[in-house]
Amino acid sequence: MPNTPHTPHAPRKPHASHADLPVYLLTVAEVGDMFRVNPRTVNRWVAQGRIPVVRTPGGHLRFDPAEVRRLLWIDQPPTT
1 MPNTPHTPHA PRKPHASHAD LPVYLLTVAE VGDMFRVNPR TVNRWVAQGR IPVVRTPGGH
61 LRFDPAEVRR LLWIDQPPTT
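According to the UniProt record's numbering, the residues represented by the sequence shown are 1 to 80, in order.
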């Protein structure tokens, strides 16, 4: 077998969907606490498409904190 030089592979890039995710995502219970609703209500919002969600490989629901804060701002703007 001839000795051919090995060309190294380029490093793998993360999927675009993973690269844009924050380091910490909120759970259903945490979002429920923020809105002062039962976690079942949060699950219903997800089913209705009212709140953006990220599903983990295990199927759990997680939420971008910035998006949740934005929704809180829309629903409950501060009074000044």
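Calculated directly from the structure, the hints in this document are not laboratory data. Quick caveat, the model's predicted, so the values are computed rather than measured. Hints should not be assumed to be uniformly reliable.
As the list claims (entries may be wrong) - Estimated spans, in silico, between C-beta atoms of each pair: (1) P57 <-> R36: 26 to 34 Å; (2) R70 <-> V23: 26 to 34 Å; (3) P39 <-> R69: 25 to 33 Å; (4) V54 <-> D33: 27 to 35 Å; (5) R44 <-> I74: 26 to 34 Å; (6) A29 <-> A66: 27 to 35 Å; (7) T27 <-> Q48: 28 to 36 Å; (8) T27 <-> R70: 29 to 37 Å; (9) T41 <-> R70: 15 to 23 Å; (10) P65 <-> N43: 27 to 35 Å; (11) W73 <-> T41: 15 to 23 Å; (12) L72 <-> R40: 25 to 33 Å.
Ideal Cβ placement from N, Cα and C applies to all residues, glycine included.
Results of checking the hints against the structure:
Taking the beta carbon of each, P57 and R36 are about 30 Å apart, inside 26 to 34 Å as hinted. One distance hint, 26 to 34 Å for the beta-carbon pair R70 and V23, is violated here, with the actual separation near 18 Å. For P39 and R69, the Cβ-Cβ distance of about 18 Å falls outside the hinted range of 25 to 33 Å, so the restraint is violated. Between V54 and D33 the CB atoms are about 18 Å apart, so this pair departs from the stated range of 27 to 35 Å.
Range check, R44 to I74: about 18 Å between beta-carbon atoms, so the 26 to 34 Å window is missed. Between A29 and A66 the beta carbon distance is about 19 Å. The supplied range of 27 to 35 Å is therefore violated. As the Cβ distance of T27 to Q48 is approximately 19 Å, the hint placing it in 28 to 36 Å is violated. About 18 Å separates the C-beta atoms of T27 and R70, a value inconsistent with the hinted range of 29 to 37 Å.
Between T41 and R70 the beta carbon distance is about 18 Å. The supplied range of 15 to 23 Å therefore holds. Restraint check, P65 to N43: a C-beta distance of roughly 18 Å breaks the suggested window 27 to 35 Å. With their beta carbons about 19 Å apart, W73 and T41 fall inside the hinted range of 15 to 23 Å. Taking the beta carbon of each, L72 and R40 are about 19 Å apart, not inside 25 to 33 Å as hinted.
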